[in-house]
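Next come the chains, spelled out residue by residue.
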Amino acid sequence: MSQVDGYNFAYLDEQTKRMIRRAILKAVAIPGYQVPFGGREMPLPHGWGTGGMQVTASVIGTEDRLKVIDQGADDTTNAISIRRFFARTTGVETTEKTADATLIQTRHRVPERPLENGQILIYQVPVPEPLRFIEARDSETRKMHALREYGAMQVKLYEDVARFGHIATSYDYPVMVNGRYMMTPSPIPKFDNPKLDRMPALQLFGAGFEKRIYAVPPYTEVKSLDFDDHPFEVQQWEGNCEICGSDHSFLDEVITDDAGSKMFVCSDTDYCRERLEAQSAVAEEVAL
Amino acid sequence: MYVAVKGGERAIDNAHALLAERRRGDRDIAELSVAQIQNQLPLAVDRVMTEGSVYDPELAALALKQASGDAVEAIFLLRAYRTTLPRFGYSEPLDSETMQIERRISGTFKDLPGGQTLGATYDYTHRLLDFTLLAEGEQPTKPDTDERPLEPCPRVLELLNKEGLIEQSPKDDSRPRDITREPVDYPAERAVRLQNLVRADEGFLLSLSYASMRGYGDSHPFAGEIRSGQVAIELVPEELGFPIVVGDIAMTECEMVNQFHGSKTEPPQFTRGYGVSFGYNERKAMTVALMERALRAEELGEAVNYPTQDQEFVLSHTDCVSANGFVSHLKLPHYVDFQSELEMIRRLRREAGEQPAHSQAEQAGEAAV
Numbered sequence: 001m002s003q004v005d006g007y008n009f010a011y012l013d014e015q016t017k018r019m020i021r022r023a024i025l026k027a028v029a030i031p032g033y034q035v036p037f038g039g040r041e042m043p044l045p046h047g048w049g050t051g052g053m054q055v056t057a058s059v060i061g062t063e064d065r066l067k068v069i070d071q072g073a074d075d076t077t078n079a080i081s082i083r084r085f086f087a088r089t090t091g092v093e094t095t096e097k098t099a100d101a102t103l104i105q106t107r108h109r110v111p112e113r114p115l116e117n118g119q120i121l122i123y124q125v126p127v128p129e130p131l132r133f134i135e136a137r138d139s140e141t142r143k144m145h146a147l148r149e150y151g152a153m154q155v156k157l158y159e160d161v162a163r164f165g166h167i168a169t170s171y172d173y174p175v176m177v178n179g180r181y182m183m184t185p186s187p188i189p190k191f192d193n194p195k196l197d198r199m200p201a202l203q204l205f206g207a208g209f210e211k212r213i214y215a216v217p218p219y220t221e222v223k224s225l226d227f228d229d230h231p232f233e234v235q236q237w238e239g240n241c242e243i244c245g246s247d248h249s250f251l252d253e254v255i256t257d258d259a260g261s262k263m264f265v266c267s268d269t270d271y272c273r274e275r276l277e278a279q280s281a282v283a284e285e286v287a288l
Numbered sequence: 001m002y003v004a005v006k007g008g009e010r011a012i013d014n015a016h017a018l019l020a021e022r023r024r025g026d027r028d029i030a031e032l033s034v035a036q037i038q039n040q041l042p043l044a045v046d047r048v049m050t051e052g053s054v055y056d057p058e059l060a061a062l063a064l065k066q067a068s069g070d071a072v073e074a075i076f077l078l079r080a081y082r083t084t085l086p087r088f089g090y091s092e093p094l095d096s097e098t099m100q101i102e103r104r105i106s107g108t109f110k111d112l113p114g115g116q117t118l119g120a121t122y123d124y125t126h127r128l129l130d131f132t133l134l135a136e137g138e139q140p141t142k143p144d145t146d147e148r149p150l151e152p153c154p155r156v157l158e159l160l161n162k163e164g165l166i167e168q169s170p171k172d173d174s175r176p177r178d179i180t181r182e183p184v185d186y187p188a189e190r191a192v193r194l195q196n197l198v199r200a201d202e203g204f205l206l207s208l209s210y211a212s213m214r215g216y217g218d219s220h221p222f223a224g225e226i227r228s229g230q231v232a233i234e235l236v237p238e239e240l241g242f243p244i245v246v247g248d249i250a251m252t253e254c255e256m257v258n259q260f261h262g263s264k265t266e267p268p269q270f271t272r273g274y275g276v277s278f279g280y281n282e283r284k285a286m287t288v289a290l291m292e293r294a295l296r297a298e299e300l301g302e303a304v305n306y307p308t309q310d311q312e313f314v315l316s317h318t319d320c321v322s323a324n325g326f327v328s329h330l331k332l333p334h335y336v337d338f339q340s341e342l343e344m345i346r347r348l349r350r351e352a353g354e355q356p357a358h359s360q361a362e363q364a365g366e367a368a369v
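Here the protein sequences line up with chains A and B, keeping their order. Start counting the first sequence at 1; every next residue gets the next number (our numbering). Start counting the second sequence at 1; every next residue gets the next number (our numbering).
It should be emphasised that the hints constitute simulated quantities derived from the structure, not laboratory data. Take the hints with a grain of salt, since some may be wrong.
[Claimed, not checked] Take a look, some chain B residues computed to stay more than 10 Å from chain A by CB distance:
| # | residue |
| --- | --- |
| 1 | Ser322 |
| 2 | Val327 |
| 3 | Pro333 |
[Said to hold, decoys possible] Which residues of chain B face chain A? A few of them, derived with a C-beta cut under 8 Å, are:
| # | residue |
| --- | --- |
| 4 | Gln66 |
| 5 | His317 |
| 6 | Val321 |
| 7 | Phe326 |
[As the list claims (entries may be wrong)] Distance ranges between label pairs, derived from CB positions:
| # | chain 1 | residue 1 | chain 2 | residue 2 | range |
| --- | --- | --- | --- | --- | --- |
| 8 | B | Ser91 | A | Asp160 | 18 to 28 Å |
| 9 | B | Glu102 | A | Gly38 | 31 to 41 Å |
| 10 | B | Thr121 | A | Gly38 | 48 to 58 Å |
| 11 | A | Glu159 | B | Gly69 | 28 to 38 Å |
| 12 | B | Gly69 | A | Asp5 | 45 to 55 Å |
| 13 | A | Glu14 | B | Asp26 | 39 to 49 Å |
If you're wondering where the values come from, they're calculated on a predicted model, not measured in any experiment. All residues carry an ideal CB built from backbone N, CA and C; glycine is no exception.
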């Protein structure tokens with residue numbers, strides 16, 4: 001076990017972890033409600049995952065296997081940086097395999113492979129308040145949540161329908177949790193929203209500089225906002241992933257030359273690898 | 001052919017090595033020591049200590065060295081160090097009346113008990129580049145030091161207080177909330193606002209207070225008093241039960257006097273704005289005092305017409321570490337969100353492209369009518 005000298009297991013001191021775990025318990029008890037907590041200053045900048053890191057640091061134990069993704073990929077620089085941080089400060093095993101991970105810290109994506117009960121998905125959240133761009137004041141939005149006064153968001157979505165013929169929010173798409181609190185799923189593409197609904201895994205959300213934690217307990221209803229005559233829908237691509245051929249995963253567009261040619265590939269790199277390995281195994285069997 | 005982006009780990013290691021090399025610069029030039037920074041760039045050190053919320057000139061100088069002189073990065077380093085420090089206890093409130101005065105000026109009274117002391121200040125220097133420093137030929141003239149014993153220096157605002165011309169400073173002995181341990185709740189009480197302002201980005205506060213004096217805020221202040229010098233820190237250890245001095249710190253304090261036209265319950269009187277900083281950061285102490293007063297608008301029953309008087313606007317955006325973090329996070333990949341937006345924009349444009357024919361028909365219809 002390699003730990004950094006002079007720092008506690010997972011960097012934060014035990015008192016702080018306990019305070020954060022209390023906030024997490026409260027968040028689990030009131031699904032979708034933003035619990036204020038005494039967010040600490042982390043050695044990474046705000047906006048780079050300090051909220052998710054504090055949650056991870058508070059729940060991680062020596063037996064855990066940690067996976068960190070950013071934009072669906074394990075190999076983006078910030079994911080590497082955060083994975084290294086926990087490898088150094090806890091010495092726990094890290095993995096790129098969704099199936100093997102007990103904790104997954106993520107920025108902007110939900111893994112394609114369905115998660116299981118017992119796994120914990122930890123989202124990095126920049127702005128935890130779904131109503132922030134409608135009402136800038138925290139003192140006001142707190143009241144709106146307390147009174148379940150969410151009409152302003154429905155009006156915003158309606159204005160999209162009136163202008164464009166459909167809702168024009170493509171990521172950070174607001175949801176209702178357990179029929180009570182409006183919640184931002186963090187800036188994941190709306191493509192991922194259906195995965196939040198009744199997910200068997202525990203979902204924790206940490207916003208560092210806004211000092212808020214919220215949660216969706218396993219098997220909780222999460223409904224994306226919509227209208228009866230304009231039901232919620234997700235993005236679709238015309239092509240498939242050019243590496244694994246997937247026709248059902250979120251695809252990143254990659255520009256391949258200076259003439260603007262492009263190709264589409266899975267944003268979830270582990271999912272893509274898994275499919276590719278399964279295909280080559282099948283191909284080998286067929287060859288035999 | 002697309003090659004999946006791999007090798008981020010090596011890139012990060014190399015980036016760190018490159019950074020260290022650039023920080024060191026030309027190896028033919030002697031390396032800058034932390035002691036040199038601490039002694040010869042003291043105002044930079046003071047800023048880092050004040051916004052970093054740690055009084056430790058050596059560590060602040062180390063942070064400046066490690067950050068290649070970038071104050072915001074140095075403040076961040078010191079903050080990240082501070083967050084892991086255990087709390088041994090709380091000091092007694094500092095008594096700045098007993099300060100070993102090194103500088104004391106008042107913009108409101110020509111003379112006052114204890115007198116005015118100009119001290120070390122850039123105020124009356126003519127800003128002409130001193131080329132002898134470039135030639136490293138500095139020959140500092142020794143200052144005349146006055147060895148007269150120090151007279152007591154009562155705070156200027158207390159002199160006004162005796163006449164009842166200035167508001168009573170509300171007395172509150174409750175332990176202030178620590179904003180580095182607890183989340184802030186709006187509206188925030190005065191102790192929370194002051195903590196926030198002292199840790200605030202100097203440039204942001206300077207510009208906001210400038211705005212408040214230029215008409216975007218109802219500010220007509222006088223610098224009642226600015227004093228800097230050494231102040232003793234006292235702590236009451238539980239096992240002793242009486243205060244003992246644990247050390248001295250250099251600090252600068254500013255008290256602004258502001259007009260107040262009175263309200264239904266209060267006659268016209270002067271009001272206070274208070275500011276403080278570690279070291280000799282006078283600009284910071286003044287801007288804290290100006291903004292502190294501006295943010296009292298609501299509690300004094302004044303109209304809140306400008307962002308400079310708006311607690312939530314000011315206090316949520318003062319912190320240079322947070323502001324820098326959030327702005328710089330735009331450098332992180334946003335492939336997925338951007339892909340979602342691309343898909344949306346293409347779809348909206350496609351639909352808009354289908355519309356002209358429709359609206360042309362409509363116009364034609366109108367023309368026909």
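Tested hints:
{"no.": "1", "hint": "Ser322", "in the structure": "5 Å, violated"}
{"no.": "2", "hint": "Val327", "in the structure": "8 Å, violated"}
{"no.": "3", "hint": "Pro333", "in the structure": "5 Å, violated"}
{"no.": "4", "hint": "Gln66", "in the structure": "13 Å, violated"}
{"no.": "5", "hint": "His317", "in the structure": "11 Å, violated"}
{"no.": "6", "hint": "Val321", "in the structure": "7 Å, holds"}
{"no.": "7", "hint": "Phe326", "in the structure": "4 Å, holds"}
{"no.": "8", "hint": "B:Ser91 / A:Asp160: 18 to 28 Å", "in the structure": "55 Å, violated"}
{"no.": "9", "hint": "B:Glu102 / A:Gly38: 31 to 41 Å", "in the structure": "37 Å, holds"}
{"no.": "10", "hint": "B:Thr121 / A:Gly38: 48 to 58 Å", "in the structure": "40 Å, violated"}
{"no.": "11", "hint": "A:Glu159 / B:Gly69: 28 to 38 Å", "in the structure": "48 Å, violated"}
{"no.": "12", "hint": "B:Gly69 / A:Asp5: 45 to 55 Å", "in the structure": "28 Å, violated"}
{"no.": "13", "hint": "A:Glu14 / B:Asp26: 39 to 49 Å", "in the structure": "46 Å, holds"}
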